[in-house]
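Asker: So you can see what is in the structure, the chains are spelled out below.
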Amino acid sequence: MLEETFDLAGCLERVRQQDQRAARELVEHLHPMVIRIVRARLPRRVAEEDLTQEIFLKMFTRIAQYQGNVPFPHWVSRIAVTTCIDHLRAQKRRPEFRWADLSENEADVLDAVLTSENDVTAGDAMAAHELVHKLLGQLKPDDRLVLQLLDLEQKTLAEVSVLTGWNITLIKVRAFRARRKLQKLFIDLKKKERA
Amino acid sequence: MKNSLSPWTRLVAAARLAPADERDASAPHGFATRVSALAFASMEPTFAMLFARFAPRALGVCALLMVAGVTLNLGTVLNAFEGNDSVAFNDPVGEWLDASATSSTSTAASSAASSS
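Protein chains in written order, with this note's numbering: chain A, 1 to 195; chain B, 1 to 116.
If you're looking for bench data, these hints aren't it; they were derived computationally from the structure.
These numbers were taken from a predicted model, which means no experiment stands behind them.
Worth double-checking, as some hints may not be accurate.
[Stated by the list, open to error] Stretches of chain B that chain A covers, calculated by requiring three or more beta carbons in the stretch to come under 8 Å of a beta carbon on chain A: (1) 12-25; (2) 28-39.
[As the list claims (entries may be wrong)] Restraint-style ranges between C-beta atoms, simulated for each label pair: (3) T71(B) / K184(A): 55 to 61 Å; (4) L17(B) / Q67(A): 37 to 43 Å; (5) H74(A) / T9(B): 26 to 32 Å; (6) K58(A) / T71(B): 41 to 47 Å; (7) R78(A) / F40(B): 54 to 60 Å.
Ideal Cβ placement from N, Cα and C applies to all residues, glycine included.
With the sequences and hints as input, model every part of the structure.
Answerer: Below is the structure:
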């Protein structure tokens with residue numbers, strides 16, 4: 001949670017006047033929000049600190065363009081999300097999804113959701129969480145992002161629109177296509193399991 | 001009893017039960033100082049940055065001037081291609097070349113006369 005007492009407007013004004021101390025305060029203030037975004041969407045082989053630094057540098061470079069139409073943290077969130085997406089897009093190949101790569105718990109969870117006979121227990125939540133990220137890793141970055149925001153983080157369409165800059169129709173279409181791709185992936189996995 | 005929800009819906013519902021990320025989210029020691037120093041270093045205007053900023057505008061102005069020049073002189077240019085030699089009559093460069101050629105010829109003739 002961001003501090004309520006932090007004078008963001010004053011700090012931004014001082015940053016615009018090249019006050020380095022204000023810049024440090026701004027980074028320290030926004031770091032928890034940015035690092036959460038980065039950790040939730042961290043591409044493979046990218047250090048979270050490097051990505052966070054890149055996001056803050058972009059923020060300072062573009063700070064003159066900030067018009068105040070949206071709250072500043074939202075504006076920074078969008079920079080963070082788009083930077084993560086750019087890195088994910090740069091990862092050309094995704095590793096193939098194989099049963100053999102799953103841990104025992106993950107395989108049990110996958111079996112439970114595929115057969116629909118047993119409920120996934122709360123004890124398997126971490127395994128389910130890992131499995132969700134492995135499955136999302138099979139999708140294109142945009143598809144992955146839209147499902148992560150809508151289904152996993154349960155954000156509204158309006159919130160996703162603010163974070164990504166995409167319009168509502170595009171978000172709905174992307175989510176529909178991404179879920180269909182996942183459905184196909186589940187069917188393929190089911191076939192592989194039987195084979 | 002069979003669950004009617006899709007595998008993805010069931011899986012993601014289970015994943016949401018996972019505990020939140022408890023890792024420390026505050027900036028590492030020195031991170032804010034390093035980032036702000038890098039940011040201010042990159043914000044200092046250099047010639048390359050100024051050139052990058054103004055070059056597209058200069059290009060746009062040049063393109064506009066070029067279009068305006070062509071538009072204003074389009075009639076004359078078309079007439080020239082249709083055999084009307086008004087362009088040749090109003091050609092200051094051609095006139096200057098003719099004049100210089102004439103003067104050089106007269107200078108050569110006078111020098112030849114003086115030498116003989």
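Asker: State for each hint whether it applies.
Answerer: Status of the hints after comparison with the structure:
1. 12-25: Per the Cβ count (11), the hint holds.
2. 28-39: holds (count 10)
3. T71(B) / K184(A): 55 to 61 Å: Distance hint for T71(B), K184(A) holds at roughly 57 Å.
4. L17(B) / Q67(A): 37 to 43 Å: 40 Å, holds
5. H74(A) / T9(B): 26 to 32 Å: At 29 Å between Cβs, range holds.
6. K58(A) / T71(B): 41 to 47 Å: 42 Å, holds
7. R78(A) / F40(B): 54 to 60 Å: 23 Å, violated
In the structure shown, a violation is registered for the earlier hint numbered 7 alone.
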